[in-house]
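Residue numbers (my numbering), protein chains in the order written: chain C, 322 to 485; chain L, 15 to 298; chain B, 11 to 782.
In short, the hints are calculated from the structure, not lab data.
Do not take every clue at face value.
[Claimed, not checked] Capping the alpha-carbon separation at 20 Å, the derived lysine to any residue pairs in SDA-like fashion look like this:
no., chain 1, residue 1, chain 2, residue 2
1, B, K36, C, A335
2, B, K440, L, P294
3, B, K157, B, D146
4, B, K129, L, P294
[Said to hold, decoys possible] To give a feel for the contact side, a few chain C residues facing chain L, derived at Cβ under 8 Å:
no., residue
5, V323
6, K333
7, L336
8, N379
[Unchecked claim] Residues from chain L shown here face chain B by an in silico Cβ test under 8 Å; the list is partial:
no., residue
9, I197
10, F245
11, T247
12, E253
13, I278
14, G286
Where a beta carbon is used, it is the ideal one built from N, C-alpha and C, also for glycine.
This is what each chain is made of:
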Amino acid sequence: MVHIEFTINGQKAALDIPADITALETIRSLIGLKGTKEGCGIGECGACTINVDGKAINSCLMLGARLDGTTVVTVEGLATKENLAPVQEKFMENHGVQCGFCTPGILMSAHALLAENPDPDHKEISRALSGNLCRCTGYSQIFVSVKEAAKLTDQLNQLKKVGG
Amino acid sequence: MTDIEYIRPLNLKEALSFLWEKGEDTKIIAGGTDVMVDLRSDGLDKKYLLDISRLEELKGIELNNKELSVGAGVTLSEIYSSKILKSNALALKKSAKNFASKQIRNIATIGGNVAHSSPCGDTVPALVVHDAKALVADKKGTRLVSMEEMATKAYMSCLSPGQILVKFILTPYQGGFTDFQKIGRRRELAVSRISMAVFVKKDKDGRISFLKIGLGACTPTPCKMESVEAFLTGKIPTENLIWEAGGILAGNMIKITGRRSSAIYKEPAVQGLFMRILYPVVKS
Amino acid sequence: MKSQNQLKYKSIGKNIAHRDVLGKIKGDAKFCADIELKDPLSLRVLRSTRHHAVIETIDVAKAVAIPGVIRVFTVVDIPGKNLMGIINKDQPLLASDKVRSKADPVALVAALTDDIALKALAAINVSYKDLDPIFDIEDALAGDAPKIHEKGNILFTRRIKRGDAAAAFNDCHTIVEKEYKTHAVEHNYIEPDAGAGYVDEDGTLVIYASTQNPHYDHKEVVGLLDLEDEQVRIIQAATGGGFGSKLDLNVQGFIGLALYHLKKPVRYVYTREESYLATAKRHPFIIQMKTGTDENGKLLAIRMRAYCNTGAYGSYGIAVATRSAVHGTGPYEIDHVDMECSCVYTNQTFSGAMRGFGAPQMAFAHESQMDLLAQKLGIDPMEIRIINGFKKGSINGTGQKLVNSVGFQECLKSVKPYYEEASKNWLTKKISPFIKRGIGLGGMWYGIGNTGVQNPSTAKIEMDQNGRITLFTGCADIGQGSTTILTQIAGEVLGVLPEAIHVVVGDTKFTSNAGATSASRQTYISGNAVKDASDKLASVLLTEGSNKLKVSKALLEFGDHSLHVSGNMDKSVDFAWLAKRIHKKGGSLSWQGYFDPETIPFDPETGQGSPYATYAFACQLALVEVDVLTGEVNVKKIVAAHDVGKAIHPENVIGQICGGVAMGVGFALMEEFEYGKTQSMKDYHIPTCADMPEVVPIIIEDSEPTGPFGAKGVGEPALIPTAPAILNAVSHALGKRIYNLPANLERVLKASIESGQFGPSGQFGPKEKTNV
């Protein structure tokens, strides 16, 4: 067993986990957050994407033990008590969700992208999302959602600057 | 789930000490993107998981005195965004562009990609082109290993249980023309069917004065393509000449692998990709 | 400026947020792997290690002895009838005497953890006596082929004959005869099949299913376990895509069997690898097609002999063979029709429903034929489709007259400007000597609903005494948005916001059968059932309202949870008042709706009949770039015009079109499921976002009078024209045609080499397009 301590969705977590389980299993089974999904188990679909220290990572390919000392955000950590995150709001408004199984992973990839690049063009969105497979939407409305989320994020940041 | 033990050494010295004693029973994990897949399908049949992902000694990209060093622990994302590599090893940077997916690039390491010894490792052709040497360390010391020697066969590296890949030392190239291209079954998140890296310099008469070729996903282990390089060196690159050279390149591949069923595609496609990748040199 | 037609609707045509989207974006939506259960046991199935064999013995002793293994089930533990199948029942839950594929389940393990279950699988000893296996269609048809099922290897043949094709070919000026092949395709929904269950306090087996048809699941499980209807409850959990594969039972039977015996909570989540091995595939096809025209390009005759590989079990094979025989003509008027389509058994994982049921494979053939004919005749590919395309009054190959809502010509018309622009400008631009550009068209038609059989839907609308409305529907929403549009339909009739309607969906305790979410049928059929139920409630409300407000019903309008007199908002009565009144009088506030499309079953010899009440139509245009040096194909743009009758939720329609195009790109270029070889998502390539073309969706609304507010369907039509358009474009680019899907790297490079374009460019202008 390994003792790990990390921050997840703003909360401190400390637990003992088997040495060889994945971060995905740690989050789903041991911490109990079911929003992150397993689609393939081998990093080929992106449904398990979480943010670790700001980076989009396939949690099925990361050892749970490696979470030690990191800051993790999962889909459950995007919204505040009052508000959805810009990506969530815009995915809802722009019909970027159909069956919803790929959605948490895509939201986390988009979230990581916008934190790094607040005004991505089509190519940059494509590079950020090409590791997230969707079988339902054909991606068009997803791209619209991400672009709109970028605009909203920018507006919110501007508001913050002027003390809004 | 097994009784495997997780070890995270604080520094390289500690890691090497551990491996000296217990290397036979240890699986090294860096990025983990290959190891975790194996863990899931076959189990690991080892007592220890040694996590080297945070070792500082394996990080960093530096240009010192004509030596370009890339730490084995550098991630593919870091390779892609490196300004040093953009100016001195553009083919390596390009090989990171469409490598798997963003999520995988964020944790997969160049050391892991090389040590995994997959014939399709995308960083390898560029490393071959840059005459890269791998600095391999164990408790007793270090040695340099060429790219051709890194893999003894497909999926089998030459590393012994006590060893860790520390960094790669590349010959930096400036000027000239360099590129990396790959062919996959889709545009992203695809294992290469064929990958290729080149570096070319022409003299003032337009003749090829220096040429390096790296061919990926076509041979079980990394191979230099010196006969093709020799064939083209000193000549003015025309389309027909490049086409002929591409034929030689494809022929070299067949010599090494034998005529497999994949050769029906790969033989012409290697020639085709060679033409495509060097076409800008023909035009310029 | 919107037309009057569009302005008059309050809910129809509006892009409201999906009913369940909030849960999905917050990560709260509960898929079967997420559902909270108390210490559920883990289930795993042992599958056959042989393609075709008689089972001699199954020895579970070692497995049972492993600590943590609760039980190992075999066929003897099945209390009811050990046969399932959505059309013909030929598939056992657990193998009894023989196995017919490596997917066949032989034993079921229930254990404390997944790891222990896997250990138990390894400890079960099965001895087999091998039988000769059959892997492909040709072998299955051979005279001396071993029989996979007792009745032989041809499960079913549909024949459709009209006129005299043999004679008509003699009169044809131009004939094209080719053979086309398509391969198995994996649905690859992102959620692997899964289920969970527990036994309720009253003894009911409660099963959560990742499913497209909870009521069918219910019927099947009740039969397997020999229970009464009330003893089993199927609840559709959030379902992560289906595309046809979640119509057959996946784990529901195993969950039910474990619950029946163990009475403890259980869960079974397929790994992706198990989903690949064990669930339905798209039928591989061999299609021999002969089409003839007069000298002006008017189609005169068609002859098709098609064979599809239905694998070890029938599943939807009969429906695929039938639909293919109907749709093989394409959306074109042809007087002389001789179509035969057979589904044959082989020892591969079974084939089943997959978005389009054979129509995508047919479209590849008939659209290639149209281009080949056009080329031979020297007619433009758009022209030949316009000349022959269905219009109102056309008669199809089954002798059915298409009376209403035949939007094919309008689809062609709306694509035409893009086609002409691309021909004139885009095609002529040279971007590199090694990239060839091509454009291609694909037309399609698709019958809405199950083919030539009854497939009704039911629904219930209830109002409580506070005037609150609840919609009960057995219609499974698998992401396409059916729940949302059904509330829009009910909301439109009853004058309430769709969001104000409470919904109970896909729970066999509370809902009634809406039929399967398949065959693009739910908007049309369940939409009508919901409209029927809503109309009935509306009628009762209007009667009471008319009584109360002392005006005739014709002067009353619905709005804002009340009825008011037209033009006089003050003269109104709210639903709560009406509801209490109706209830007091002994009237009903609960109304069941029903709809079954009007069809005429096939004549068994000639296949003549009216197999569908309505059809969707579409035309897509593909712009592609082909790298002649490497065989890579880049689809730059797809223009997709789809006649959907009426878009209840236009963004839903666009979502289906884009998703269908994505699937079509995969089908055309990169998806090939190789039995035994394709094991994980590393081996199988569905398009990433980087593989997507720019999609220009065009919604055509040729209203279907029998549809709810004129609507038909779009789920499968979205994908059907894409691969044909892409393959026509690739052929156009290379001057060499590919007759085998997918047009992967190998096939495209081979075509490039054979076309003479593989090599040094040698010239600096656009290469002349040569004839194929």
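Against the structure, the hints:
1. B:K36 <-> C:A335: The given pair, whose Cα atoms are some 24 Å apart, is violated under the 20 Å limit.
2. B:K440 <-> L:P294: holds, 16 Å
3. B:K157 <-> B:D146: This hinted pair holds, its Cα atoms lying about 13 Å apart.
4. B:K129 <-> L:P294: violated, 58 Å
5. V323: At 5 Å from the nearest chain L Cβ, V323 of chain C passes the 8 Å test, so the hint holds.
6. K333: violated, 20 Å
7. L336: violated, 14 Å
8. N379: This interface hint holds because 4 Å falls under the 8 Å limit.
9. I197: holds, 5 Å
10. F245: violated, 16 Å
11. T247: violated, 20 Å
12. E253: Check passed: Cβ of E253 of chain L comes within 4 Å of chain B, closer than 8 Å.
13. I278: holds, 7 Å
14. G286: holds, 3 Å
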